[in-house]
Amino acid sequence: MATDIDLHLGRRLRRRRRLLGLTQQQLAIQVGIRFQQIQKYECGANRISAARLWQLSEALETPISYFYDGLAEAMERRETASANGGEMFSRKETLDLIQAYYQLGERPRRRLLDLAKSLHSEGDAVAS
162 MATDIDLHLG
172 RRLRRRRRLL
182 GLTQQQLAIQ
192 VGIRFQQIQK
202 YECGANRISA
212 ARLWQLSEAL
222 ETPISYFYDG
232 LAEAMERRET
242 ASANGGEMFS
252 RKETLDLIQA
262 YYQLGERPRR
272 RLLDLAKSLH
282 SEGDAVAS
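Every position in the sequence shown, counted from 1, becomes a number in our numbering once 161 is added.
In case anyone wonders, no lab produced these hints; they're calculated from the structure.
Among the clues, some could well be false.
Said to hold, decoys possible - Restraint ranges, calculated between C-beta atoms of paired labels, are given here: (1) 231 <-> 211: 14 to 22 Å; (2) 271 <-> 229: 43 to 51 Å; (3) 230 <-> 182: 28 to 36 Å; (4) 215 <-> 257: 41 to 49 Å; (5) 226 <-> 271: 45 to 53 Å; (6) 230 <-> 259: 27 to 35 Å; (7) 254 <-> 180: 35 to 43 Å; (8) 266 <-> 212: 57 to 65 Å; (9) 273 <-> 168: 31 to 39 Å.
Note that beta-carbon positions come from the ideal geometry of N, C-alpha and C, so glycine has one too.
My request is simple: use the sequences and hints to build the entire structure.
The following block contains the structure:
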């Protein structure tokens, strides 16, 4: 399973490769691997070892630090989103609810939204 760091490195790898106008195949040949491995790095499915990151930075004519640029900020945004309920959108029940909501007509959607807001307000009143 990909970590946030793997995903960040993969996005940076893809960005730099595209900036230079290289295909995955061309980059793979330069570092002596198959293009499928570049695909896996770019989507975060496989981790990039330190040695491979060095090879990629050489092939892409960029310092290794390039791959880590913005990582701290990205991690902070993720932590903030998690603290603010960002993980709820990864739950199947949330996605099912949203899909069902948008299948309703405008008037039933408004009524359902009003109902949800009133239930939330009642919950706050009870908790106080």
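Structure-based check of each hint:
1. 231 <-> 211: 14 to 22 Å: holds (20 Å)
2. 271 <-> 229: 43 to 51 Å: Between residue 271 and residue 229, where Cβ atoms are some 47 Å apart, the hint holds.
3. 230 <-> 182: 28 to 36 Å: Because 20 Å falls outside the window, the suggested range is violated.
4. 215 <-> 257: 41 to 49 Å: holds (45 Å)
5. 226 <-> 271: 45 to 53 Å: Since residue 226 and residue 271 have Cβ atoms about 51 Å apart, the given range 45 to 53 Å holds.
6. 230 <-> 259: 27 to 35 Å: Holds - the Cβ-Cβ distance for residue 230 and residue 259, about 34 Å, lies within 27 to 35 Å.
7. 254 <-> 180: 35 to 43 Å: holds (40 Å)
8. 266 <-> 212: 57 to 65 Å: The hinted range 57 to 65 Å holds for residue 266 and residue 212, with Cβ atoms some 58 Å apart.
9. 273 <-> 168: 31 to 39 Å: holds (35 Å)
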